[in-house]
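Make the full structure from the sequences, and use the hints.
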Amino acid sequence: MTHRTGHRSGSSSGRSLDRRAFLRYGGALGAAGALTAGLGACGPPSTIGTGGGHSGGALNSLTAVIGYGNDQSWDPTQTASAFSMAANHHIYEGLLDTDPITRAPYPALATALPADPTATTWSFTLRPGATWHDGEPVTVEDVLFTFERVLDPEVNTLARSFFASWLEGVRAVDEATVELDFRFPFPDAAPRLTIAKIMPRHVFGEEGAWDRATGGLAVGSGPYRQSAHHPKSNTTFEAFEEYNGPRYPAFRIMNWRSVVEAAPRVAAVSGHSAEAQIAENIPYANVQQLRDEGLQVEGGAGMNHLFMMFNTENPPFDDIRVRQALLHAIDTEQLIEVGLKGYGRPATSFLDTDNPAHRPAATVYSYDPDRARQLLDEAGVTDLSINLMAVNVSWAVDCLPTIKESWDAIGVATTLEPQETSALFTKMDQDRAYQAVAAVSNPNQFGLDADLILRYNYTRGGLWMGYTGWEGSEAADELFALMDQATEEPEPERRLQLTHRALDLVAEQAVLYPVVHNELLTAYDPRVITGVRAQAYPGINVLQTGAVVS
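First residue of the sequence shown: 1005, per this note's numbering; consecutive thereafter.
Hints may contain errors.
[As the list claims (entries may be wrong)] Here are the simulated DSS-like cross-link-like pairs (lysine-lysine), alpha carbons at most 27 Å apart as the crow flies:
| no. | residue 1 | residue 2 |
| --- | --- | --- |
| 1 | Lys1431 | Lys1236 |
| 2 | Lys1408 | Lys1345 |
| 3 | Lys1408 | Lys1431 |
Hint data in this document are derived by calculation from the structure and do not stem from the laboratory. All of these numbers come straight from a predicted model, not from anything done at the bench.
The following block contains the structure:
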């Protein structure tokens, strides 16, 4: 076999943003109600719970509460939705997947890790007997189909930003083997391959299938199959009887409820009549209450952040001094104390302080209202009014009053406009007159390395750069060049130096930049489930979780 997929001819930046571009990161407007994903009949497995050492428990059905919407894109090549990304890790497999906490890679659809991580060609043999949830076998054609989409500059998927700089192409060697050809040695490719969830050609190669994937269609080879999907409500899963991979399902049925509002999310997991055994995105104010009820509440600090994004096509936000002034004006200590109940850290870099590549940036936005006023004066800006659009994620909403108070205090009249994520992106896509946006993000959903984290937001032709209107600037050209140099640099210390220069430039420009990094908390009932490992990024992973043996 000689079939090969790689970059197609065309502009390296891909196509420009269209009026539905927000769907790539979140919007699934007008998605259908119940979605069965076109699966054939599949009875309940005769055995479950053989993975993770947790078998034989009495709990066959797990109810989980997710603090984010399930009405955003489910296309693994496009989505950054916390709900669907977490779900897709249970539905799909990459050639390699990663441990949700350590991010150490392990063979998933492939049978082994690459023999030489420094080689420029990696060979993978597919797992014998792997099948899709509709019963069809997994083939090398499915692998080629997936990577063709990931690398296509015309489609310009979100996943492409994590692969295009180093992956030249993928080719079939025989009916069970594929090879990945690199532009240069890139050992970080191993954990990154989990982003490229392999998808069945016979399903998603059909006309209109990618739109259905955006709306919730999910057919994978992983331990759980999607059994029903109700946008804005819940998604259900069943253990996949024919699964033969390394992470077996522990529960026959899972029901993941989408509950964005804080109070009902806590209610679902608390009290004697609690319907859920696990809930993530726990409000800080409820931690002690849940612990007093016997629940475990755990989590961790990471990249998760509230960030500010400015539309540089809308003056005066094209002036770097204005952007810097607004960041200096925010009382981050008060924001952490009041809005986050102490569960946060001021941003000293685009990276969080626990990231191995972190160091304080050359520009740190400490709370300095006098400096903020001075910068506005130097920019000649007076009587500035800002409508701050924002996502309605509960912990972010708790931070907004401090931002308004801080900006009002330097003479910037501020109006707050929190709303559902899909609604926010719709407005941004339809009206380029927006000024500033406060949103939440965590590139750690994709991985931990600095190159990946930067490329999530700062990619030429990427969605976020389109919304900022900044990528055509000289500073953007300098940044993208630095990032490419760092990616290709084989010497670790030199690579880190180039990365720090890129991070300094991102901090100085203040186009899309963190205000605070916070902790994310998960609560679960240890009397019922065991093996839970709380993530420092949104969502849950229960592939090594099981029922407590009675």
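Status of the hints after comparison with the structure:
As the CA atoms of Lys1431 and Lys1236 are separated by approximately 19 Å, the hinted pair is consistent with the 27 Å bound. About 18 Å separates the Cα atoms of Lys1408 and Lys1345, which keeps this hinted pair within 27 Å; it holds. Distance check on the hinted pair: Lys1408 and Lys1431 sit about 21 Å apart at the alpha-carbon level, within 27 Å; holds.
Going through the hint list in order, the structure satisfies each hint without exception.
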